Amino acid sequence: MNLYLMMWQFILRPQKNLYLYAWFVYRFYPVAEQHVLVSLEFALRERFPDFVKEQADHVVGLKKLLKYAIENDHLKNEFFSTRERWAWKRAERRHSVEMMEKMKASGLNQIEYSDSDVLVTQEDLDSDWLGTFQETIPEIRNRHAHGSPDLRPTVRHTFETVTELINQLYPRK
1 MNLYLMMWQF ILRPQKNLYL YAWFVYRFYP VAEQHVLVSL EFALRERFPD
51 FVKEQADHVV GLKKLLKYAI ENDHLKNEFF STRERWAWKR AERRHSVEMM
101 EKMKASGLNQ IEYSDSDVLV TQEDLDSDWL GTFQETIPEI RNRHAHGSPD
151 LRPTVRHTFE TVTELINQLY PRK
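Heads up, the sequence shown is in the numbering used here, so the first residue is 1 and it goes up one at a time.
One should not assume that every hint holds.
With a Cα cut of at most 16 Å, we get these calculated EDC-like pairs of lysine to aspartate or glutamate [said to hold, decoys possible]: (1) K89 / E160; (2) K89 / E135; (3) K64 / E135.
Distance ranges between label pairs, derived from CB positions [said to hold, decoys possible]: (4) P171 / E71: 17 to 23 Å; (5) H58 / F79: 26 to 32 Å; (6) P171 / L20: 41 to 47 Å; (7) E71 / E46: 16 to 22 Å; (8) D50 / M103: 51 to 57 Å; (9) G131 / D50: 38 to 44 Å.
Calculated from the structure, these hints are not laboratory results. Treat the numbers as computed from the prediction; the structure is a model and nothing was measured. Every residue, glycine too, gets a C-beta built ideally from N, C-alpha and C.
Kindly generate the complete structure, drawing on both the sequences and the hints.
Next up, the structure:
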């Protein structure tokens, strides 16, 4: 087994346990999310030590590290194994909004539709997930680090995203 893979399993295990306990103590969710985002920053720093050293006179934060990894093709949208599922969810949200607008325009109080009506477009599949992550992940991490009353149920998605990113940074041979 790859040494880095073993290291990430060791690092992420406490976050997974904390996430599991959050089922009983909801306020553990932001703590678990904060820890997994710190793990991502650590993974980026370990993967690009030369870049961090080059920037010695500047603070190299999570946003700069993500930007560097993306610009140097260490992270790519097409390598996300969950890309199709994310595209379907995006299409589902769009379809839901379209149905609500149709409902309002028709003067209805409710409308029924099936998930089979959802059509995933090439635009959904080609979405710039990395661009979105580059903007939102550092914001979420900073909100947790500097204090926030937010309790958002997005921790599972954050774990999934960070796992995908780390897997791209440290591909199996």
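query: Do D50 and M103 keep their Cβ atoms within the hinted range of 51 to 57 Å?
result: Roughly 55 Å apart at Cβ, these two residues keep to the hinted range, so it holds.
- Query: Can the suggested window of 38 to 44 Å be confirmed for the beta-carbon pair G131 and D50?
  - Reply: 24 Å, violated
| said: Within 41 to 47 Å: is that where the Cβ-Cβ distance between P171 and L20 falls? | reply: Violated, at about 28 Å.
Review point. Between H58 and F79, is the Cβ distance one that fits in 26 to 32 Å?
Key: With Cβ atoms ~29 Å apart, the hint holds.
Regarding E71 and E46, is the given constraint of 16 to 22 Å on their beta-carbon distance met?
18 Å, holds
- prompt: Is the hinted pair K64 and E135 satisfied, with a Cα-Cα distance of at most 16 Å?
  reply: Between K64 and E135 the Cα gap is close to 10 Å, so the pair holds against 16 Å.
- Between P171 and E71, does the beta-carbon spacing fit 17 to 23 Å? Given about 18 Å between the Cβ atoms, the range holds.
Margin query: Hint check: K89 vs E160, CA-CA at most 16 Å. Holds or violated?
Written below: It holds: about 15 Å lies between the C-alpha atoms, which stays within 16 Å.
So if I understand the rule, the pair passes when the alpha-carbon distance is 16 Å or less; does K89 with E135 pass? 20 Å, violated
Checked against the numbered hints above, the structure breaks hints 2, 6, 9 and satisfies the rest.
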